[in-house]
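With chain W held as given, fit chain E onto it using these hints.
So the protein lines, in turn, are chains W and E.
Each residue of the first sequence is one higher than the one before, counting from 1 in the numbering used here.
Each residue of the second sequence is one higher than the one before, counting from 1 in the numbering used here.
Just so you know, the hints here were simulated from the structure itself, not pulled from any lab data.
Check each hint, because a few of them may be wrong.
What the hints assert, rightly or not - Once the Cα atoms are required to be at most 27 Å apart in a straight line, the calculated DSS-like pairs of lysine-lysine come out as:
1) E/Lys49 with W/Lys41
2) E/Lys22 with E/Lys49
3) W/Lys15 with W/Lys44
4) E/Lys22 with W/Lys41
5) E/Lys77 with W/Lys41
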Amino acid sequence: EAGVTQFPSHSVIEKGQTVTLRCDPISGHDNLYWYRRVMGKEIKFLLHFVKESKQDESGMPNNRFLAERTGGTYSTLKVQPAELEDSGVYFCASRSGNTIYFGEGSWLTVV
Amino acid sequence: AQSVAQPEDQVNVAEGNPLTVKCTYSVSGNPYLFWYVQYPNRGLQFLLKYITGDNLVKGSYGFEAEFNKSQTSFHLKKPSALVSDSALYFCAVRDMFSGGYNKLIFGAGTRLAVHP
Numbered sequence: 001e002a003g004v005t006q007f008p009s010h011s012v013i014e015k016g017q018t019v020t021l022r023c024d025p026i027s028g029h030d031n032l033y034w035y036r037r038v039m040g041k042e043i044k045f046l047l048h049f050v051k052e053s054k055q056d057e058s059g060m061p062n063n064r065f066l067a068e069r070t071g072g073t074y075s076t077l078k079v080q081p082a083e084l085e086d087s088g089v090y091f092c093a094s095r096s097g098n099t100i101y102f103g104e105g106s107w108l109t110v111v
Numbered sequence: 001a002q003s004v005a006q007p008e009d010q011v012n013v014a015e016g017n018p019l020t021v022k023c024t025y026s027v028s029g030n031p032y033l034f035w036y037v038q039y040p041n042r043g044l045q046f047l048l049k050y051i052t053g054d055n056l057v058k059g060s061y062g063f064e065a066e067f068n069k070s071q072t073s074f075h076l077k078k079p080s081a082l083v084s085d086s087a088l089y090f091c092a093v094r095d096m097f098s099g100g101y102n103k104l105i106f107g108a109g110t111r112l113a114v115h116p
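Here chain W stands alone, though its shape is the one from the complex (with noise of 0.2 Å):
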């Protein structure tokens, strides 16, 4: 059974760019996570899909991050425009039961 699976694995880009993250959940998966890891500090929630639903989103910092899931299957997250404070690795994970899966993650670094 394939993981979680995300795309691209690293991204540099210029501070003012815009970049596109894309997770693909395990087959079946309802229940679709993003978070983030920047420099040194905690892995933090961004926000849960259910299905194509945003359940939560509580933990975007601010409304230069989107996320869709249109029809319920892969998710992407986009960052429009990059800021510095955005480096970091962002995860994605899915759910079966209680374990939640994650993905390799994307390193993002903005320049």
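Relative to chain W, chain E alone:
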């Protein structure tokens, strides 16, 4: 406020020795507790979880963790460390206000360094 504390930024242990990575939590009610590991340049891998039942939970790669309700702790342990265990370890607790949706609150992480 709900929180998870990992009091040690780094733990150093010699290969073959037992290891402990500490975690304490602060939530109301019965906690759901998790350990994840991040190997260099990799994602988060699930190690083990405590939901209910036996306080000693066994997980992947020979790791185990002991839930101690009176001390609000969930320390990760392994009887004999391997150099390949060197990684970043995260303790997490389910946000009790997220209902059945399992939003996680993470600790800051502990870097484990196992020396040959």
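A quick look at each hint next to the structure:
1. E/Lys49 with W/Lys41: holds, 23 Å
2. E/Lys22 with E/Lys49: holds, 15 Å
3. W/Lys15 with W/Lys44: holds, 22 Å
4. E/Lys22 with W/Lys41: The given pair, whose Cα atoms are some 18 Å apart, holds under the 27 Å limit.
5. E/Lys77 with W/Lys41: holds, 24 Å
Checked against the numbered hints given earlier, the structure satisfies every one of them.
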